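There are 2 protein chains.
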Amino acid sequence: VSWRTTRISGQQPGTNQQVAVVDLGSNSWRLVVFTYGAGPWWKLTDELYETVRIGAGLASTGRLSDEAMRRGQETLQVFARFCRANRIEPRDVHVVATSAIRDAANGEAFLDQAQRETGLQIEVLDARAEAFFGYVAAVNTTTLDDGVVLDIGGGSMQLTAVRDRRSGPTVSFPLGAVRVTEELLAGDGPAKRKQLARVRSRVEESLEQVDWLAMSGSRLVGIGGAVRNLAAAAQHVDGGVDLGVQGYVITPATLDGLVETLAELPSAERGSVPGIKPGRGDIILASAVVLQTVVAAGGFDGIEATEAGLREGVFLARTLLAESDPLIADVRAAAVRNLAIQYESDLVHVEHVALLSEQMFDSLVSCGLFLPMPGERELLWAAAMLHDVGMAISYDDHHKHSRYLIESAELPGFDPRERALIAQITRYHRKGVPKLGELATVTHADDEALLDRCAVILRLAEHLERGRDQSVSEARLHTNGDGVDLHLKAGGDLTLPRWSVERYGDDEAFERVFHRRLLID
Amino acid sequence: VSWRTTRISGQQPGTNQQVAVVDLGSNSWRLVVFTYGAGPWWKLTDELYETVRIGAGLASTGRLSDEAMRRGQETLQVFARFCRANRIEPRDVHVVATSAIRDAANGEAFLDQAQRETGLQIEVLDARAEAFFGYVAAVNTTTLDDGVVLDIGGGSMQLTAVRDRRSGPTVSFPLGAVRVTEELLAGDGPAKRKQLARVRSRVEESLEQVDWLAMSGSRLVGIGGAVRNLAAAAQHVDGGVDLGVQGYVITPATLDGLVETLAELPSAERGSVPGIKPGRGDIILASAVVLQTVVAAGGFDGIEATEAGLREGVFLARTLLAESDPLIADVRAAAVRNLAIQYESDLVHVEHVALLSEQMFDSLVSCGLFLPMPGERELLWAAAMLHDVGMAISYDDHHKHSRYLIESAELPGFDPRERALIAQITRYHRKGVPKLGELATVTHADDEALLDRCAVILRLAEHLERGRDQSVSEARLHTNGDGVDLHLKAGGDLTLPRWSVERYGDDEAFERVFHRRLLID
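Chains as they are written, first to last, in the numbering used here: chain A, 128 to 648; chain B, 128 to 648.
These aren't lab readings, by the way, just hints derived from the structure by calculation. Incorrect hints may have been included.
Note that identical chains are pooled: a pair holds if it fits in a single copy or bridges any two copies.
Claimed, not checked - Straight line, CA to CA, 25 Å or less: simulated DSS-like cross-link-like pairs of lysine-lysine:
no.: 1; residue 1: K404; residue 2: K558
no.: 2; residue 1: K404; residue 2: K562
no.: 3; residue 1: K170; residue 2: K527
no.: 4; residue 1: K404; residue 2: K319
no.: 5; residue 1: K558; residue 2: K170
Treat the numbers as computed from the prediction; the structure is a model and nothing was measured.
Extracted from the complex, chain A is given alone in its bound form:
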């Protein structure tokens, strides 16, 4: 992994750095602050938002309107003031402008004035660069290896082919939500069938030139506010408990249903569909139809949402990673470590708990005591790494706090089911009979058994490492007649681990789950 370690490790330990990324989109403008530090870890720590609609009217005139430019200037003044107030140095402020400003005949003049008046340096991204940062965001916050990244904004839509995590060919079309709404979906009432058909034809015509789309496999990752809103709406329709849209897959069927629901409503009421933000209601139908057409044309299994977008891409490529090769080697591992570091977990301890958990897991599988579900070992590892994050809140009930913190985190690379399971394994790492409860709405049929197994193994590992001193260097479980022997290798004094396992290791739970008695040798 190509962390820009020189920059990060050059800091004093404990000091964090901040950068601001400002995204002057065709619909909304947003300033976000990322705080990051050695570890590495990073986190979005502040955000300003304004629906500037700089691209309003552009479709008909080819120019930014005076009214839109006035709103833009005012907003930039506020953003510039915010950076000064928060002592974010100009060199740490990355302002990027996309389609509307790029395409407008008077875009350059607007930027000249804006830069003069605010002192901000503004970079106009060409379509290729815009697509690149979207790709960087997508590939570092999902497990996408091969497929397509779709980025839809107010002005344009980019598609980037991904092969073995590297970016392939890219196309950009003027199919953003504001643009399509103004050109093809005008009118306040319900959308007409003809209007929808015209949007579809426009998209299909554009896609005809994209000969690689249909041979890109089944995965399509979507970024941008429209995708996030539609994913939230899909989650409402599908009916699972809300764990955020990170990794949520909008299926073609649900998307078809959403298009129908939205089209039947007058434009002003589309923002009241659960999941859709009111400020986006009047342009969401355009995005939905464009997405629907791309999914059908490419034969994708659906659209996988990620919370990250252009701004995260700029941050990752420009600040945290090397722009020439901006790939986090293991997205899931990085997400888990990022969270553990943010909550100041004792990394040596949690990594050792993870190691002992994996040793016991592997040895149980070897003796044939159970057949793990796909991905089960990695979920156990993640839960072990994160079991103590709740200690940042309080020692009492820290298992419940860990669940809350994991459910509140995006944990990129994991989907809602996986986040639910990781959260719930940590919830039961100390005591209690594991239950999925309402989380069963996002998990699979056999996941309660997975939860049971992982919680019991993690509980044992935690008590073997009760002194946080790695005094148990290795732990294996082997069948022995009706029982299972716990074999320990000592790296130090075993008084405390033995007491802790005997006192709290919960052999009842072990027997309930694995149908064998736990014998401590």
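Using the hints provided, position chain B relative to the given structure of chain A.
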């Protein structure tokens, strides 16, 4: 306030210290770790627990039994090992023994052996010292000025008079839960009326010599596990939402009901009463009857529970405060600051938000726009100080996270109603129409109006301080015809605060709550 600042400020910033306090009680033994640092802040960060029952059998023989001593030695070995594993230096381990070991004929011999085998230094507290540390815990985690502190353990019960927060006369009686159970409440079945009467007489006889009890006012603060368990049980009976027992008052009527419920059950089933821990079930009735008798004899309004006890008292007196004058000047302020520091809030920012909130609150009261409820201004202050704690989790939804963190904190000095209100004010400091929801079960009739007012004021203050740079140095609200003018004094550039208040300050909410339009001058 007499912080031992020399010791604390001698540290490097960012480095925290740990001490372990071990309490060898007559019923349970517990090791707790406190982590503390400059600020000052402190927090319980680890805990080991064993029901040693070192005092079992003492009532009849006057000696610690061989079996109890064996359990004790084993447990001390584990505790000693834990301290070594966690690199807590011997000078930072405070082990104290109370009634059972103090009173047993062979207590000293037991300790000699224990010290030899474990290397731990054990201090036997006399009844006066035991009462003192209980007093220190109580007076620094409640707002008790005048009244009585009651500390009931397994072996003894201490009462300490408190006048103007200083400790007055102290008495100690062998009325601990294990002792009373063994002597007066033997038997597995439901308790007999005669047995209960005998406990009451024994307590009343003891109290006859306490001539200051009845003239100590109406407040009785209780510490120890029995009080916490009974407070949790009382909360179940009283039916409010569970926000922890810190500051919860067990009323005499609820206590009477609990005694009846417990007495009717066989001893083995008392641990299944909601709120009572199973391991304490067989001795809880004794504590309940003793408390009931003390409340009646002193004419107290009830028993106010605190989570702190002997261990916190030892920590506060020996480590954080000066033992000669171990008083935190303002318990509530210290609790609020402790939490804000733990979650790394920007103190300059939150203190300024608190100041602006108070200025707007005071000016609204001055123009007669509302009459505050008692204590309302302090709740607003606390919410302002804590509004950002949720940022430690994530920027998105940080208002919801702040609520969760405040509800999860003990916040000593505040009762459950006050904690609920502080939490809920922060919950609505950004948007939404404030609602109490299920919290209404612990609040007063007019508290939704209080919440409404404070949330709107805090929202304004937060947006005036959006740049976290104190650019608004003063904010006042004055009636002007049908409206209310917002007068600002500038300490810096007002671009950002004005934009933020106009964009997000929510004048609709202001008008809904104060029935006047908000006018920004």
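Hint check:
Proximity of K404 to K558 under the C-alpha cut-off of 25 Å is restricted to the inter-copy arrangement: shortest distance 14 Å between copies versus 40 Å within a copy. Proximity of K404 and K562 under a CA criterion of 25 Å is satisfied inter-copy only: 22 Å between copies versus 33 Å inside one chain copy. Within a single copy, K170 and K527 get their C-alpha atoms as close as 23 Å, and across copies as close as 18 Å, so both meet the 25 Å cut-off. In this assembly of identical chains, the alpha carbons of K404 and K319 lie at most 25 Å apart only when taken from the same copy (23 Å versus 65 Å across copies).
In this assembly of identical chains, the alpha carbons of K558 and K170 lie at most 25 Å apart only when taken from different copies (23 Å versus 31 Å within one copy).
In summary, the structure agrees with every hint in the numbered list given earlier.
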